[in-house]
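Modelling step: build the complete structure from the supplied sequences, incorporating the hints.
Residues per chain, in single letters:
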Amino acid sequence: MTALLTVILSFIGALLCGFMPASAHQRIRWVALATAVAGFAVSMVCYFDITDGKFQHILGEAENWIPTLGISFITGYDGISLPLLLVTGLVAICGVLFSWDLDNRANQFYAYYFALIGGVYGVFLSLDLFLLFVFYEIAVVPKYFLIAIWGGVRRQFAAMKLVLYSFGGSALVLLGIIAIFFLTKDADGAIKSFNLLELQKGEVAAEAQTWIFPLLFLGFAILAGMWPFHTWAPTGHVAAPTATSMLLAGVVMKLGAYGCLRVAVGLLPEGAQEWATCIGIFAIINIVYGAFVALKQDDFKFVIGYSSVSHMGFVLLGLATLNEIGLTGAVLQMFSHGVIGALLFAIVGTVIYTRTKTRMLDELHHLIDRMPGIAWVFVAAALASMGLPGFSGFISELYVLIGVWESLSGWILIGAGFGILMTFGYTLVKIHEAFFRERKTGDAPKVETPYPAMTIPEKVGITILLGASLLIGICPWILTDKITPSLELLLKPFAN
Amino acid sequence: MDLDFQKLLLTLLPDLVVVVALFAALGVDYSRLRGAALAKRYETAYRISALGLFAGLVMAVLQACGKMCVMDAAATAGQLKLTTNTLTLKTALFALALAVLPLAKRDLVTTHASEYFALILLATLGMGFVVTSQNLLGAFVALELVSLSLYAMTALNQSRAASGEAALKYLTFGAVSSGFLLFGLSYLYGATGELNLANLPQLESTSLLIAAYLLIFVGLGFKLALAPFHLWAPDVYQAAPTPVAGWIGSGSKIAAAALLLVLLQPVANSPELKKALVLALAALAVASMLVGNLGALRQTNLKRLLAYSAIANAGYLLVGVLAFDSPITDKANGNQSVLFYILVYSIASLGAFAVISVLADRLGRDAEISDFNGCWKAIPGLSIAFMIFLLSMAGIPPLAGFLGKFYLFLAAISALPEAASLDQGFYWLIAFALMMSVVSLYYYLRVLKAFLVVTDEDGEAKQVPVGIADRISIFALAAIIVALGLWPEPLLGLLQN
Numbered sequence: 001m002t003a004l005l006t007v008i009l010s011f012i013g014a015l016l017c018g019f020m021p022a023s024a025h026q027r028i029r030w031v032a033l034a035t036a037v038a039g040f041a042v043s044m045v046c047y048f049d050i051t052d053g054k055f056q057h058i059l060g061e062a063e064n065w066i067p068t069l070g071i072s073f074i075t076g077y078d079g080i081s082l083p084l085l086l087v088t089g090l091v092a093i094c095g096v097l098f099s100w101d102l103d104n105r106a107n108q109f110y111a112y113y114f115a116l117i118g119g120v121y122g123v124f125l126s127l128d129l130f131l132l133f134v135f136y137e138i139a140v141v142p143k144y145f146l147i148a149i150w151g152g153v154r155r156q157f158a159a160m161k162l163v164l165y166s167f168g169g170s171a172l173v174l175l176g177i178i179a180i181f182f183l184t185k186d187a188d189g190a191i192k193s194f195n196l197l198e199l200q201k202g203e204v205a206a207e208a209q210t211w212i213f214p215l216l217f218l219g220f221a222i223l224a225g226m227w228p229f230h231t232w233a234p235t236g237h238v239a240a241p242t243a244t245s246m247l248l249a250g251v252v253m254k255l256g257a258y259g260c261l262r263v264a265v266g267l268l269p270e271g272a273q274e275w276a277t278c279i280g281i282f283a284i285i286n287i288v289y290g291a292f293v294a295l296k297q298d299d300f301k302f303v304i305g306y307s308s309v310s311h312m313g314f315v316l317l318g319l320a321t322l323n324e325i326g327l328t329g330a331v332l333q334m335f336s337h338g339v340i341g342a343l344l345f346a347i348v349g350t351v352i353y354t355r356t357k358t359r360m361l362d363e364l365h366h367l368i369d370r371m372p373g374i375a376w377v378f379v380a381a382a383l384a385s386m387g388l389p390g391f392s393g394f395i396s397e398l399y400v401l402i403g404v405w406e407s408l409s410g411w412i413l414i415g416a417g418f419g420i421l422m423t424f425g426y427t428l429v430k431i432h433e434a435f436f437r438e439r440k441t442g443d444a445p446k447v448e449t450p451y452p453a454m455t456i457p458e459k460v461g462i463t464i465l466l467g468a469s470l471l472i473g474i475c476p477w478i479l480t481d482k483i484t485p486s487l488e489l490l491l492k493p494f495a496n
Numbered sequence: 001m002d003l004d005f006q007k008l009l010l011t012l013l014p015d016l017v018v019v020v021a022l023f024a025a026l027g028v029d030y031s032r033l034r035g036a037a038l039a040k041r042y043e044t045a046y047r048i049s050a051l052g053l054f055a056g057l058v059m060a061v062l063q064a065c066g067k068m069c070v071m072d073a074a075a076t077a078g079q080l081k082l083t084t085n086t087l088t089l090k091t092a093l094f095a096l097a098l099a100v101l102p103l104a105k106r107d108l109v110t111t112h113a114s115e116y117f118a119l120i121l122l123a124t125l126g127m128g129f130v131v132t133s134q135n136l137l138g139a140f141v142a143l144e145l146v147s148l149s150l151y152a153m154t155a156l157n158q159s160r161a162a163s164g165e166a167a168l169k170y171l172t173f174g175a176v177s178s179g180f181l182l183f184g185l186s187y188l189y190g191a192t193g194e195l196n197l198a199n200l201p202q203l204e205s206t207s208l209l210i211a212a213y214l215l216i217f218v219g220l221g222f223k224l225a226l227a228p229f230h231l232w233a234p235d236v237y238q239a240a241p242t243p244v245a246g247w248i249g250s251g252s253k254i255a256a257a258a259l260l261l262v263l264l265q266p267v268a269n270s271p272e273l274k275k276a277l278v279l280a281l282a283a284l285a286v287a288s289m290l291v292g293n294l295g296a297l298r299q300t301n302l303k304r305l306l307a308y309s310a311i312a313n314a315g316y317l318l319v320g321v322l323a324f325d326s327p328i329t330d331k332a333n334g335n336q337s338v339l340f341y342i343l344v345y346s347i348a349s350l351g352a353f354a355v356i357s358v359l360a361d362r363l364g365r366d367a368e369i370s371d372f373n374g375c376w377k378a379i380p381g382l383s384i385a386f387m388i389f390l391l392s393m394a395g396i397p398p399l400a401g402f403l404g405k406f407y408l409f410l411a412a413i414s415a416l417p418e419a420a421s422l423d424q425g426f427y428w429l430i431a432f433a434l435m436m437s438v439v440s441l442y443y444y445l446r447v448l449k450a451f452l453v454v455t456d457e458d459g460e461a462k463q464v465p466v467g468i469a470d471r472i473s474i475f476a477l478a479a480i481i482v483a484l485g486l487w488p489e490p491l492l493g494l495l496q497n
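Protein chains in written order, with the working numbering: chain A, 1 to 496; chain B, 1 to 497.
To be clear, the hints were calculated from the coordinates, so they are not data collected in a lab.
For each residue, glycine too, the CB sits at the ideal point set by N, CA and C.
Be aware that one or more of the hints could be misleading.
[Stated by the list, open to error] To give an idea of the chain B side of the interface with chain A (calculated C-beta under 7 Å), a few residues:
no.: 1; residue: VAL61
no.: 2; residue: ILE413
no.: 3; residue: PRO488
no.: 4; residue: PRO490
Now the structure itself:
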């Protein structure tokens, strides 16, 4: 029951906020903060409850929901879902903190916000494919409203594009799930169940895996921002209000990656092996292409948007390795990019933008003098994102690269190395452009008054996210000790 | 043949009550209320018909629960098939009609007050007989009763000249399609010499029978608004009084879908005939999904958009019809999936029309999508209900429409369970249907954008008084959609053959 509380509390929070009057936004934000904190607290409890690699606290029995269709309401979590529960909790809290001053239709905002978060928690906890899909879809529609109502420039277009991409991905996933339902067989014939625990007992014929795997993987990977289906991500991230872009980059893209790992790789090992190299190549394109495009952007938020695409490439690359260390890297990278991506969007979208009123790099003028504190925080966050040792990004990318070294071709490793160099490049260039150079368009301002200092919610949010990245960077075993045993179980079929 | 008249009376009691109410409504209107104010005549006719329909509903529920011992073929000499399955459908139809009545009362679209309600009741009676009938001719006559009532009701919108034109269009198309249907049924009779569906012998795969079924598909395709027999739908949906459009889009669809399934059952045992027919059904499904979804993309009028969405949804429905012969014991049963889906779709569609009728007709507008800008502020409750209906049609979980669609797809695959690649079985059809449902999300969201996203300057003007009966029916429909999505098992159990 404990773990499922994350979902229940989020949905209750959504209803509570939705039914409060819009004028009470001062009270609504406290309700929202409480809901988010409660969700995180529950996931912390889950953290300490985990003892081995198996699914913990399995709740529900087989076929207890819709027996006519072999559907069960069954939840539980293991070391793979755990880091994602944690990152969802963290980002949810910080999203509320960075929208502290939101007063336009605040009740509806948090209703959609927590409906989305409840769906996300649900995906990470589902042990039934149908249930997982239900939660996966619950997380789609609120995104539309969050962006279309509270977003920035071109919000209607971006919202529609993002939702249609997500929905298109889930259409592929649904087809794959139905195929798995009919084609997973054990000694007695077709299992005809959506229950993950049941499905793991049987297997899908190798020829069928060859076509089901790419369907499922692609369906999920669209949400993970895989090239060439990544274009929803930058437009969506940029048009979204800060809290939503934090959720999109920090959590929603992880939904896709999680689905790839849990469903596609977990249930179709032979298909995964067959397509591993292909995924590796796409991952490299993601990393390098994302980095190149980020380098060319003028809009600060687009830089972060494309850097997200690039970093998700490392997750995909980790998935392609199909070995323990590479997959550990992938899961760590999901956590790591979750906190860092959210942090970068928060700083650019709220902290800097509310002060400068522009995100165009050409119009920013020597920000280091006018907001030194914020500038140094951003530099720290950007270095974390770049993979500086001491931050979580370094550990996760290292794991992924070792994984690639062990099982994929050398060319892919070279590609990844090139991608890392590119990441260094665009991060440093963009730091320079934003904070250390003179404005390129218009006249330099005559009087250079410093901008107001960070507010308390901003400080708290930044501390939480940066702290989480540092903590994992310095003590990665906090998570790896939980992740690795679960991956061992997931990888068992690959040993044969 | 020997008929136990007491039993027959018990069997037909729900219908009798409704017939009595129908005549009472007409009689009172013609005698005591002659010359009375229109509003009063509406109110009286509404009360009498609602009372009668409610009494009928209660009895139908009792029958469906097995409390009135009517589930016995001998009671009607085999003319009616009374099982939990068919009685559930009949009950659902009566219940939905009960939700239509308060909507019909609001707008005083016509001076024919009692006739309006009488026609709604007549159509409902007809639908009840279509879903229970076991006899080819009986089913046809019942279906015509439905159609004729609907034609007449379409013309009732006296404030719109287009109403009469749409009714004429509906009538001409409908009459021709009825001809096709009757032609098909007569071939079926000619080939087998049997009018009672329960006694139909094993069918051979002859060209006569193939022709018979193709003609039946044309006839029922019209009623279900399948492409290419859909041309009447957008005009009728737009011009008919909104509650009537809602009833055309829900009740008559349930009846036609149920009849299609019943007529297909004899084919189950003849594989060759089945093969030919399944191909035709799949083609109709693809055409409808394509026409419906692409057509809806460029609509600016909400009712027309819903008409195209109805065409698309009829296409999805056929995907499940393909599995009409899957064994009852199977985990995914075609017939069950089709009935579940059509019920859920009808509830959502009726709900959507109910919201439109409350908002648009009262404001004297033509239900352009932009008319609904800023509804979230003026009427938050109804906007949320409308979101539930539309997202259910779009197939977004956890709403019932998603489960329905999911079940259809599951059933279609289970029709050929050995298929193991994309080009075998119906995987291709499912892939197409899923692609189309991505398209559909675009236009559903466009509508929801008006309702929930856009802020309208003159938002205050949209404050419309919503009667208590309207509220109850709309929120009840929305609650059912949510409940069936979360807990579908009871209804699925009732729909098991």
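Right, here's what the structure says about each hint:
1. VAL61: Hint on VAL61(B): violated, closest Cβ of chain A at ~22 Å, above 7 Å.
2. ILE413: 6 Å, holds
3. PRO488: 6 Å, holds
4. PRO490: Where the cut-off is 7 Å and the nearest Cβ of chain A is about 11 Å from PRO490(B), the hint is violated.
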